[in-house]
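Asks: Top line first, the protein sequences correspond to chains A and B.
The working numbering applies: residue 1 is where the first sequence begins, and numbers increase by one.
The working numbering applies: residue 1 is where the second sequence begins, and numbers increase by one.
It should be emphasised that the hints constitute simulated quantities derived from the structure, not laboratory data.
Since we're looking at a predicted model, the values are computed, not measured.
Treat the hints with care, since some could be wrong.
[Stated by the list, open to error] Pair ranges (Cβ atoms, derived): (1) B:SER239 x A:PRO35: 17 to 27 Å; (2) A:VAL48 x B:ILE87: 51 to 61 Å; (3) A:GLY23 x B:ALA91: 53 to 63 Å.
[Claimed, not checked] On the chain B side, residues computed to face chain A include the following (Cβ under 8 Å): (4) ARG52; (5) ARG56; (6) ILE57; (7) SER59; (8) VAL61; (9) TRP313; (10) ALA316; (11) THR317; (12) LEU318; (13) TRP331; (14) TYR333; (15) ARG377; (16) VAL378; (17) HIS381; (18) LEU382; (19) ALA385.
For every residue, glycine included, the Cβ atom is placed at its ideal position computed from N, Cα and C.
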Amino acid sequence: MSYTRDRGYFGGIADLCMTILDGMAVTFSHLMRKPSTVQYPDRMGMRVQDTLPFRYRGILEVDLEICTGCLACERACPIDCIVIDVTKEKNVGMVMTRFDIDMAKCMYCGLCSEPCPTGAIHHTPEFEGADYSLESLIRRFVKDPVVAYKPKKTGEDDPKVRQPDITRARTHLAWEPRVDVDEGLRLTFEWFRNKIAA
Amino acid sequence: MQEFLDSLIAQGYFPGVRWDVVYFGGMLVFAAIVLLVFILLVAGGTTFVERRVWARIQSRVGPNRVGPQGILQWLVDGIKLLMKEDIIPAAADRYLFMFAPYVVMVGFIGAFVVVPFGSRLIIADMNVGILYITSVTALVVVGILMAGWASNNKWSLIGGIRSAAQIVSYEIPAALSIFPVVLMSGTLSMQSLIQGQGWAPWDWYVFASPFTFVAFFIFFTSALAEGNRTPFDLPEAESELVAGFVTEYSGVRYLMFFMAEWGNLYIIGAIVTTLFLGGWHIPPVTDNVVVQAVLEFITFFVKSYFWALVAMWIRATLPRTRVDQLMSVCWKYLVPISFVNILGAALWVLVFPYGFWPMHWLLFGLSLFIIGYFFSRVVFHLRRARVRERDQYQFSPLS
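Extracted from the complex, chain B is given alone in its bound form:
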């Protein structure tokens, strides 16, 4: 951030203004952008996008009445929740109950501090960036457990306990699958992690070795579980637990829990993009600082939002797992595989300290092959649906 403002001053954007005023104003503007654009637009807009994508996958239309194509639906929903009565149950632990949503919200907003939106657009480039994210998002568990306990309701308590068990378990494979990348780059800072990669897909860490390739999938799966997303949405399983730890909440506190949940979807995408997919890197096209910052921001946003879309798509595809399946996936599959992964990655770094270029091309080609196979399956299913539709028409004069 400071570098960005320095380069703006050097290019003569603020003639006759003291540098500390520029710094202060810059920080204020950036904080406002983060709060307004990301917390509101991303979390709110994601609810709308998710409902539309989900509806289309289920052959429905989804909300399309408020504004053009229903684009203002999320605003209306938000205003509705803001105007609702804030009910606190008589038997609830009053202060814990009121405090819990803020803890969840802090855990979620805290993650934005180290999200690198561009080479200069970052609030604080900490040297422990990626560890900071894993630890600050763990604050969400405290909030959820607090909400579950304070509601004094069986559904809430079971939901809260399930969520705590789930997040604590899945933090292990998530943290372990970060390590292959950390071993390759030799740093924990978000910006240095991105600088170790390049703009071209074959320069990304995900294709650097077979171990980071596997780690990518393990990380995405455990991040979904940590964010309480389907197929791991047991803490708020509607069919079993009413709404889990949010059962007793209403109005603006309810809104906060869901803002955190949907905003978290974007955070998952942002971490995946930073660690594995080259972050904000763009091809060298311009020298203008502002244009470059905008392009980098767009690149990063599109990449990370793509993974939020994939999470929505998974939600529309996969059924919810059972509690025992959830735990067996974590402890029997993800944790052992990520340990093997770390060992393999360490050996890989030892054998090829400067990387191994044929592997980049091999893995990139493999991914292209998987994507090609995937689309061939899509075409297959489309064609089969068309054949089924045609066969449904059979002639009968009685019809």
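Pulled out of the complex, with its shape left as it was, chain A reads as follows:
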């Protein structure tokens, strides 16, 4: 039906009634659908942090157990929000007396975690940084002086074989894959074949 042409006095009234009836049917059908509101933060199936992607860049964290104190992250930081104090002690090795990250300055670029040889500095999925003062956003990881980690000579590298596991997605989100492995492989091959052909 087209409503652009002039339908006259009674045609206009008829159009008005029909369109209002149809519009009210649309809004009524919305009454019977699920609301799309996500009731963050307290009324959700699971925390938002657990639903974020694996490589999400949230608040930084340092695992002092494996930190070598090499200062690579401090040098990499483009806005100098990381401050590390390391001293060399006899018979003990490198001792860290300070490892501060100012999350108020941090721009979550991830350049510090790239050069880290052990993966000690890494992003967490945490993102809720709201606080009453800027000072409380400075994360101080070293309370007492810590002896830095000394990497072993043998290879301690990225694992060459990975085995992704979706058990957590199944249990927490009741998520099931829409396509199984064989079907997925077939679709992927097909997709690439079409892509190359095109």
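The hints should help you fit chain B onto chain A, whose structure is shown.
Replies: Relative to chain A, chain B alone:
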């Protein structure tokens, strides 16, 4: 009211109490019920119901934190407004500014005097009942104009003038569409209007003739316009006039304007129910006076609240009209149609003085057909939404 108390005395509910004491106590209790239950619960509860219904129509959840499912939200909002500072602008006309909300409130509460909640539950069954309602609700215009002028603010003044123009215009089709029913029943009293109908839907005045059927829609539309409801909420159009005539108001005076507005929604439903939809009529199921009164009250309340819900639903559906469209709808469409309607209804009464039964069934069937068509459209839209959702999923290994 008096009859109800008389029948209670006759059935021996108050042994050894003088009749005038019973009358006085009965009136006090009834006034308290009207004030507490209707002004507070209906006006306040309607704000909550409206926000929830509106939210669900827009795929949101709405207020659901205060109490179970947010049912106490309206109380919290009311208390918040009561505790707020009552600001009177320095340039305002101080006394008119303070007085205006009361005038609006009186115009709204006055309408409750003749609302028939049951065959015996009515404060005063005046012989000019329906005319009384149209005239006492017109007092609201005075209050709104007063508020608009006294605020000494351009938004308020434009809002007040718009509201006055709108209410005065729409009172004409509203009053004219009452007349087909008055012609059929031959009375203006609310109780006699209801007594002319029956409990079954096909006994209602709305199905009595094609003219009352049309008058029903005209009346509901103009009642929405008189109550400043969307799509005719120009006096308080947020996008143009900040808040119209309530721009300068705060605290408890602001609360009064909105109590009147939301309570008015129920009044619209009550008038529609009385005139067209059989009022409090219930099937003959019981002889007990109290049970009967309660059942009648529930019937009337549910029927009239349904139309308040429809008004909310319309508010969530239709966009606001322009000022010129508003006036053209009134003067070019509603007024001429209601004049034709009155003539037709007069002829109808002349030709069929005792009613015409096939027409009742025909119009009742037509309404059922419209409702059926409506739900078929609802199912159509639901199904289309589901198809659209499914089509959104397209396979790509890069996603």
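Asks: Is the interface hint satisfied for ARG377 of chain B? The criterion is a beta-carbon contact with chain A at less than 8 Å.
Replies: holds (4 Å)
Asks: Does TRP313 of chain B pass the interface hint, meaning its C-beta sits closer than 8 Å to a C-beta of chain A?
Replies: holds (7 Å)
Asks: Is 51 to 61 Å a correct range for the gap between the Cβ atoms of VAL48 of chain A and ILE87 of chain B?
Replies: 41 Å Cβ-Cβ, so the 51 to 61 Å window is violated.
Asks: Given VAL61 of chain B as an interface hint, is its Cβ closer than 8 Å to any Cβ of chain A?
Replies: holds (4 Å)
Asks: Under 8 Å is the threshold here; is the Cβ of ARG56 of chain B close enough to any Cβ of chain A for the hint to stand?
Replies: holds (5 Å)
Asks: Just to be sure I understand the hint, the distance between the Cβ atoms of GLY23 of chain A and ALA91 of chain B should be within 53 to 63 Å; is that true here?
Replies: violated (43 Å)
Asks: Measuring from the C-beta of THR317 of chain B to each C-beta in chain A, is the shortest one below 8 Å?
Replies: OK, holds: THR317 of chain B within 8 Å of chain A, min 5 Å.
Asks: Minimum Cβ distance from ALA316 of chain B to chain A below 8 Å?
Replies: holds (6 Å)
Asks: Measuring from the C-beta of ALA385 of chain B to each C-beta in chain A, is the shortest one below 8 Å?
Replies: Interface hint status for ALA385 of chain B: holds (7 Å vs cutoff 8 Å).
Asks: Would the hint on ARG52 of chain B be counted as holding, given a Cβ-Cβ threshold of 8 Å to chain A?
Replies: Result: violated, 11 Å to nearest chain A Cβ.
Asks: Would you settle whether the hint for TRP331 of chain B is holds or violated, based on the nearest Cβ-Cβ distance to chain A being less than 8 Å?
Replies: violated (13 Å)
Asks: Restraint: ILE57 of chain B near chain A, CB-CB cut 8 Å. Satisfied or not?
Replies: holds (5 Å)
The structure fails hints 2, 3, 4, 13 (numbered hints given earlier, in ascending order).
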